[in-house]
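Engineer: Residue-level listing of the chains:
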Amino acid sequence: MISDALKASTGKVIKMENQFYVDSDHLSKEALARKHQLETDASSRTNHMEYLPGMEQIQSDIRERVMSQTEQYDYTVYTSADVSAALEHEQCSIEDFKALLSPAAGPFLEQMAQRARVETRKHFGNTVYLFTPLYIANYCENYCVYCGFNCYNHIKRMRLTMEQIEHEMKIIADSGMEEILLLTGESRGMSDVSYIGEACKLARKYFRMVGLEIYPVNTDEYRYLHECGADYVTVFQETYDSDKYETLHLAGHKRVWPYRFEAQERALMGGMRGVAFSALLGLSDFRKDALATALHAYFLQRKYPQAEISLSCPRLRPIVNNDKINPLDVHEKQLCQIICAYRIFLPFAGITVSSRESAEFRNGIIKIAATKVSAGVSTGIGDHESKYTGKESGSAEGDEQFEINDRRSFETMYQDIESEGLQPVLNDYLYV
Amino acid sequence: MDKRLEDDKLVIGGQEFHSRFILGSGKYSMKLIEAAVRDAGAEIITLAVRRANTKEQENIIDYIPRNVTLLPNTSGARDAREAVRIARLARELGCGNFVKIEIMRDTKYLLPDNYETVKATEILAKEGFIVMPYMYPDLNAARDLANAGAAAVMPLAAPIGSNKGLATKDFIQILINEIELPVIVDAGIGRPSQACEAMEMGAAAIMANTALATAGDLPLMAAAFRQAIEAGRKAYLSGLGRVLTRGASASDPLTGFLHD
Numbered sequence: 004m005i006s007d008a009l010k011a012s013t014g015k016v017i018k019m020e021n022q023f024y025v026d027s028d029h030l031s032k033e034a035l036a037r038k039h040q041l042e043t044d045a046s047s048r049t050n051h052m053e054y055l056p057g058m059e060q061i062q063s064d065i066r067e068r069v070m071s072q073t074e075q076y077d078y079t080v081y082t083s084a085d086v087s088a089a090l091e092h093e094q095c096s097i098e099d100f101k102a103l104l105s106p107a108a109g110p111f112l113e114q115m116a117q118r119a120r121v122e123t124r125k126h127f128g129n130t131v132y133l134f135t136p137l138y139i140a141n142y143c144e145n146y147c148v149y150c151g152f153n154c155y156n157h158i159k160r161m162r163l164t165m166e167q168i169e170h171e172m173k174i175i176a177d178s179g180m181e182e183i184l185l186l187t188g189e190s191r192g193m194s195d196v197s198y199i200g201e202a203c204k205l206a207r208k209y210f211r212m213v214g215l216e217i218y219p220v221n222t223d224e225y226r227y228l229h230e231c232g233a234d235y236v237t238v239f240q241e242t243y244d245s246d247k248y249e250t251l252h253l254a255g256h257k258r259v260w261p262y263r264f265e266a267q268e269r270a271l272m273g274g275m276r277g278v279a280f281s282a283l284l285g286l287s288d289f290r291k292d293a294l295a296t297a298l299h300a301y302f303l304q305r306k307y308p309q310a311e312i313s314l315s316c317p318r319l320r321p322i323v324n325n326d327k328i329n330p331l332d333v334h335e336k337q338l339c340q341i342i343c344a345y346r347i348f349l350p351f352a353g354i355t356v357s358s359r360e361s362a363e364f365r366n367g368i369i370k371i372a373a374t375k376v377s378a379g380v381s382t383g384i385g386d387h388e389s390k391y392t393g394k395e396s397g398s399a400e401g402d403e404q405f406e407i408n409d410r411r412s413f414e415t416m417y418q419d420i421e422s423e424g425l426q427p428v429l430n431d432y433l434y435v
Numbered sequence: 002m003d004k005r006l007e008d009d010k011l012v013i014g015g016q017e018f019h020s021r022f023i024l025g026s027g028k029y030s031m032k033l034i035e036a037a038v039r040d041a042g043a044e045i046i047t048l049a050v051r052r053a054n055t056k057e058q059e060n061i062i063d064y065i066p067r068n069v070t071l072l073p074n075t076s077g078a079r080d081a082r083e084a085v086r087i088a089r090l091a092r093e094l095g096c097g098n099f100v101k102i103e104i105m106r107d108t109k110y111l112l113p114d115n116y117e118t119v120k121a122t123e124i125l126a127k128e129g130f131i132v133m134p135y136m137y138p139d140l141n142a143a144r145d146l147a148n149a150g151a152a153a154v155m156p157l158a159a160p161i162g163s164n165k166g167l168a169t170k171d172f173i174q175i176l177i178n179e180i181e182l183p184v185i186v187d188a189g190i191g192r193p194s195q196a197c198e199a200m201e202m203g204a205a206a207i208m209a210n211t212a213l214a215t216a217g218d219l220p221l222m223a224a225a226f227r228q229a230i231e232a233g234r235k236a237y238l239s240g241l242g243r244v245l246t247r248g249a250s251a252s253d254p255l256t257g258f259l260h261d
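Those protein sequences? They're chains A and B, same order as listed.
The opening residue of the first sequence carries number 4 in the numbering used here; numbering runs sequentially from there.
The opening residue of the second sequence carries number 2 in the numbering used here; numbering runs sequentially from there.
These aren't lab readings, by the way, just hints derived from the structure by calculation.
Ideal Cβ placement from N, Cα and C applies to all residues, glycine included.
Hints may contain errors.
Here are the simulated lysine-lysine pairs, DSBU-like style, with alpha carbons at most 35 Å apart [as the list claims (entries may be wrong)]:
hint	chain 1	residue 1	chain 2	residue 2
1	B	K165	A	K370
2	B	K170	A	K306
3	A	K208	B	K127
Covered by chain A, according to a simulated footprint, are these stretches of chain B (three or more residues, beta-carbon under 8 Å) [to be verified]:
hint	segment
4	44-52
5	74-82
Work the whole structure out from these sequences, hints included.
Structural biologist: Written out as structure tokens, the structure reads:
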């Protein structure tokens with residue numbers, strides 16, 4: 004693992020950076036030239052703070068509230084006394100939460116885990132929820148430099164037909180899974196809202212809970228997708244540092260940072276029951292990103308108290324054509340610190356830990372704070388039959404968004420959770 | 002069951018129960034249900050409809066013995082309309098006529114919405130359900146629930162899962178004093194002593210889940226709850242003796258100088 008910072012001979016701390024840019028032989032000369040221009044010439048890129056035509060703008064003060072706290076957050080000022088005090092307080096304030104995310108809390112990891120476990124058991128008992136993602140298309144119109152689906156990455160692209168989607172769903176449902184998360188690449192052209200809506204209708208036939216992780220859409224589109232059977236929307240903000248975001252999302256709709264930020268609020272306005280939040284840890288300053296993620300959830304839940312709130316905690320992973328990508332200074336200890344701090348600050352919120360993490364880490368973290376894990380995961384397209392049954396599907400398969408780490412099947416995961424003395428739950432939800 | 006309590010029955014919607022312990026929903030396992038029935042004597046078990054009817058790995062209905070009354074709840078409902086839909090679904094699933102109404106518009110504290118609960122109670126009572134509403138202990142709302150046809154009222158003792166005991170004690174006492182229906186204390190009971198205290202006050206029954214589910218020895222804790230509830234009930238029936246809460250008792254009456 005690469006250390007969080009290297010001290011140069013001058014004593015100055017130099018941050019490690021990922022090398023994201025990869026050129027493909029398959030790109031035309033013009034495409035390559037455009038790609039290089041986007042990468043090297045900031046003036047060639049659009050204004051990432053400006054809404055594009057068709058993007059709904061809502062009146063909301065959430066962004067200002069989250070970002071004013073985040074921008075002021077100097078985690079170097081917190082001391083071990085602040086961390087001790089935060090752990091002693093019965094109610095965790097925003098200031099306490101900031102202390103728990105700071106480097107000063109590092110030596111308190113065990114105490115944080117103990118406290119987090121108490122909060123988790125009080126609010127969730129011994130239960131751990133299970134779900135699986137289903138990628139239905141991997142076309143993408145964006146150039147997000149760290150993502151396997153980005154439009155300049157040469158991968159096998161695919162969009163499943165409704166028949167293929169239903170086939171995949173049957174295989175997953177037969178395994179026993181009751182909750183599904185439908186995902187697409189971010190392409191309105193190749194996977195439009197009505198296509199996703201039809202997939203939701205199919206999913207309602209096979210699953211009790213249907214979540215979505217798609218490109219952000221307008222309120223009326225969320226309302227339509229809710230009517231089609233979806234009830235939970237996950238949007239990763241990737242990083243809450245808009246300047247850093249600009250350097251990572253070089254082209255496409257996804258480049259518009261504020262429209263993405265407001266996605267969860269539009270989803271709730273459109274009638275969705277719950278929303279999930281996340282930063283992709285390793286892209287930017289993880290402490291600030293963790294603070295902003297939790298505050299985003301916190302302020303939105305105060306505004307929409309009926310909303311179910313959950314947090315995901317993904318770290319950067321290698322992708323097809325770039326196996327060097329890694330989460331830099333967010334090691335497992337830092338990830339655990341973030342998750343414990345999330346739990347103590349938001350004891351009622353769901354916390355999801357995906358198959359990006361190892362089986363060992365996930366076995367440990369469900370005993371402390373995580374309440375939801377994925378199992379039987381594929382981030383590729385149309386490959387559940389081969390992955391679940393070992394049978395070749397005979398049809399084409401699309402490439403994966405990122406490499407997963409924990410490859411356990413639904414059955415193994417179910418047994419492993421039980422053997423940890425916890426109770427696997429397949430569904431706690433009713434679409435009404 | 003102590004012989005002296007044999008004739009002391011809890012009556013809800015015309016149905017008689019010997020046990021005054023009701024297992025709440027939330028954290029389920031086979032072991033918990035076994036302990037609740039065998040060791041705590043539970044005759045009513047709450048069932049979250051949103052978790053029912055799942056596949057073979059965890060079909061909760063299969064866990065529940067036939068001689069136990071199912072109390073499906075409407076958890077997950079955010080308003081009266083959703084609660085009514087869930088209650089009807091429970092009846093379709095074969096859960097019987099009992100229903101516990103839970104309506105929460107707040108995912109943080111899970112506090113019940115009394116106003117919507119009254120509305121749902123009225124609709125469901127008219128449809129023949131035996132309605133047991135979970136409520137914030139407010140006298141006016143409790144009267145409205147009684148008038149709407151509730152078969153019992155279920156005030157919360159403390160926020161769900163907090164194990165804080167009788168945080169709303171004074172307000173629950175007012176309901177016990179004023180409402181003719183069984184007052185079943187729900188949510189927040191973390192220890193047998195707290196259950197005992199509520200029963201001494203005159204509560205008709207106790208609902209708990211987390212306190213059992215998270216105990217080190219489930220059957221032992223279940224038995225402790227049974228004994229605590231029975232002890233509290235006996236104390237209540239016996240008429241509590243003198244309990245001095247402040248000052249001392251003067252042996253010479255202060256008003257002894259009055260002659261006319």
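Engineer: Does each hint fit the structure? Answer for all of them.
Structural biologist: Going through the hints against the structure:
1. K165/B x K370/A: Holds: K165/B and K370/A sit about 23 Å apart, inside 35 Å.
2. K170/B x K306/A: It holds: about 30 Å lies between the C-alpha atoms, which stays within 35 Å.
3. K208/A x K127/B: holds, 33 Å
4. 44-52: Held - the segment 44-52 of chain B has 4 residues with a Cβ nearer than 8 Å to chain A, which meets the minimum of three.
5. 74-82: Contact hint for the segment 74-82 of chain B vs chain A: holds, 3 residues under 8 Å.
The structure fails none of the hints (numbered hints given earlier).
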